[in-house]
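Asks: Read off the chains here:
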Amino acid sequence: MGGKCPHRHVKKRRYSHKTARRTKFLNMGDDLVYAQLNKPDEERIPLPVDEDLPGMGQYYCLHCDRYFSNVAVRDEHFKSKRHKKRAKQMMGPAPHTQLDADLAAGMGMPDNGPKLMSM
Amino acid sequence: MRLEKCWFCSSTVYPGHGIQFVRNDAKIFRFCRSKCHKNFKMKRNPRKVKWTKAYRRVHGKDMTKDSTFEFERKRNRPERYDRNVKEDVLKAIPKIAKIRAIREETHHKKMKQGKHEKLRREAEKELKQGINMVKAPSVFQQDPSYTLPAIKVKVSQQKSVENHPMEE
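Heads up: the protein sequence lines correspond to chains A and B, in order.
Per the UniProt record's numbering: the first sequence = residues 1 to 119.
Per the UniProt record's numbering: the second sequence = residues 1 to 168.
Worth flagging that the hints you see were computed from the coordinates, not collected in a lab.
Heads up, the beta-carbon is just placed ideally off N, CA and C, and yes, glycines get one too.
It cannot be assumed that every hint is accurate.
Partial pick of chain A residues on the chain B-facing surface, computed with a CB cut under 10 Å [stated by the list, open to error]:
1) Thr23
2) Glu42
3) Ala101
4) Gly106
5) Pro110
Chain A on its own, in the form it takes in the complex:
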């Protein structure tokens, strides 16, 4: 299944797209990115130096969860349509959650009972 087949006529179908399908879920989910973006700047984790990542993991785009090899490439990414689209999406309403699904199904807010400890 899949794999290389360079003799095919249509260029798109020559190679398997399995990796693309798998790597889709290596990125951070929408809700995680949204939560990170809404945190104040001090709480965000500083970028650790990582040899395995491109550019030692120093050039990062939080919206798209991507690492870049240097500043120039990252800034180029910031100008791209894909990034702008993603940034706009993250500016909008919060992503769908299980709570939203429950409320839409006609359930009330979760009942956690009375608070036992006063803060």
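With the hints as your guide, set chain B onto chain A.
Replies: Below, chain B alone, put in the same frame as chain A:
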């Protein structure tokens, strides 16, 4: 036993049905059937897919606020078993379901009515604003017959009371 709701379409997931996905941050996503699971894998937003409850809620197709929504809840605390309470609850469930169905029906009716009225008003406004596309404004000035005449209606008028005999 808990009956959970599907993450994508908000339908009830009964035991032995559907699939659940646990992300590596221990967040659980439950799906009632493969349709919902596949849609999730395609990274679709349930608020933009028309057949989900989330879409219907966001776009005002279904009731959003109602007192009947307060009964079914996720209760994160142990409930002490009481036979009398249980009996009452079992009696109340069909009644509440009936009330809810009636309210939903009235909501749908109201929604459709409102739409009709709105469309008519919009069409009227568009006609008024765009009449110049059909006839040039100079034509109206020359010939007042194209515009509707201003109707004067007297609201209350006392008529002299005369009783005519009925004619055959």
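Asks: Now tell me if each hint is right for this structure.
Replies: Verification of the supplied hints:
For the restraint placing Thr23/A at the interface with chain B, the shortest Cβ-Cβ distance is roughly 13 Å, beyond the 10 Å limit, so the hint is violated. Hint status for Glu42/A relative to chain B: violated, with the closest Cβ pair at about 22 Å, above 10 Å. Taken as an interface hint, Ala101/A checks out: its beta carbon lies about 5 Å from the nearest beta carbon of chain B, inside 10 Å. A hinted interface residue such as Gly106/A counts as satisfied when its beta carbon comes closer than 10 Å to some beta carbon of chain B; here the least separation is about 5 Å, so the hint holds.
Here the hint on Pro110/A is kept, as its CB sits about 4 Å from the closest CB of chain B, short of 10 Å.
Hints 1, 2, counting from the list given before, are not met by this structure.
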